[in-house]
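Asks: Sequence:
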Amino acid sequence: MLLIDLARTSAAVAADRARTAKIGHLAELLGRVGPDEAEIAIAYLSGELRQRQIGVGWRRLRDLPEPRQVATATLAQVDALLERIGSRSGPGSQAARRDLLNELFAAVTRQEQAFLKRLLTGELRQGAQGGVMVEAIAKAADVPAAEVRRALTLRGWLPAVGATALGGGVSALRAFHLEVGRPVAPMLAQSAPSVTAALEKIGGPAAIEWKLDGVRVQTHRRGDQVTVFTRALDDITSQVPEVVEAVAALPDTDLVLDGEVIALRPDGRPEPFQVTSGRVAGKIGVDALRKTVPLSVFFFDALRVGGADLLDLPDEERHAALEAAVPAEMVTPRLVTADADAGEEFFADALRRGHEGVVVKSPCTSYAAGRRGAGWVKVKPRHALDLVVLAAEWGGGRRQGRLSNLHLGALDPETGGFVMLGKTFKGLTDELLSWQTEQFLRLAEGPADDWVVMVKPELVVEIAFDGVQRSSRYPGGMALRFARVLRYRPDKRPDEADTVETVRALLP
DNA sequence: TTCCGACAGTGGGGTCGCAAT
DNA sequence: ATTGCGACCCCACTATCGGAA
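Just so it is clear: in the first sequence, position 59 is 59 by this note's numbering, and no numbers are missing.
Hints are all accurate, no fakes.
Here are the simulated lysine-lysine pairs, PhoX-like style, with alpha carbons at most 20 Å apart: (1) Lys-492 to Lys-456; (2) Lys-201 to Lys-378; (3) Lys-380 to Lys-426; (4) Lys-456 to Lys-423; (5) Lys-380 to Lys-201.
These are calculated hints, taken from the structure and not from any lab test.
Full structure from sequences and hints, please.
Replies: This is the structure:
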């Protein structure tokens, strides 16, 4: 199959808004692709590469050669070239990558270049990714979508699952099973503003667990072999020896556990996320790192214990298996209750101990891997401040032509000026985007720019955020975590905005 | 007919490793 | 030694479609 076939299908998918139409286009193409190229076609049309990543981003895609007039590149050829690009390393590798990229882009037409560019930057923007592709695979292979989803859960890599479905149908899909050493798509949580609201959502008694502000780890053990995966299913075994040792010390030798790894201070309180994140990301000198920043692991779920798969069991049975397999100090603290007051107190206690919040879990849901089901509901405290808009950036994609990303500042009472604390684009409705674009252009000052518009600091906006963290990027040495817009405050003048002192007091 | 679950899109701050400068 | 880039850790929120109720 030719790359141009994919580029055309992608364009057709983007042109139709209805998901059924998108699925139709994708399924039609999947019906034509041969078994050798099915995996590539599924990967590219759901915005992925067969190699997952090849060290090429937006910066290396500037200054590309002129396109060809005639499309002749096959999927196999493109994939082979991307493989070569991805395998380069060491001195001179960037020049080699550039040459190979030039070779690739010189061999394809303008339409294919545009498709490849979006694919390589991870911005396919055709309104269809993995979720829609699952339906398209089901349609093309004439199998129930639930069978594809189940296999995806267990295999974790849609191109492989899709190729299997197209080649062997339901019976081939059923051959996928939980395999120790191969990661499963992790279960995700919805969110609610309070424990009471979360309990209502679940309806009835629930298990409430501390939400630790660390890194999710899925840990597999077979015999002496322990493997640790992140939420995105990357292997980080060598970076977290503490987890490997803790699981290797358990009596059970056939295990899959779900949990969180976190750096704790000597007094047991959690380090800021930055500390845990840096430690987990570190690959060089891990033995030295673990002496200064030791990691602790807390498990909250068991997918396999004693060689038995537990995915389809209800939460309370999985948790009972977890408690039997793991010592209590390695199990995330948990309270089972239907009482909202007791739940709120458990939440408050978790916060007093410095943790991020809680996750409220329905005792009867199975492990819905890879889906953000209503079985898990996270609850975190929410801070809010009134800040001043200092500038705004032009949006992209569906926000093109509107000022979208806000630069936020707190009042500095010493000078009467404002100190930038970060940016946000979240929480804005289409209506608000239009309104603020008009306002910012009216308040614009300084030279016009196609990236950012500086505005007179006159608009006050109420910003919600999860916390304040230390920053080397911003002048105040602080930045907001997960900032989002709640509403504009036309009733407030900029000199009534919250001050840098107020923000500093929120630093941990 | 209305409601709501699931998806995609739109980007945020921070950190590391690596290659180039 | 410093800088820029890519990858990945954490992530919130809105708009939309289409099946569920």
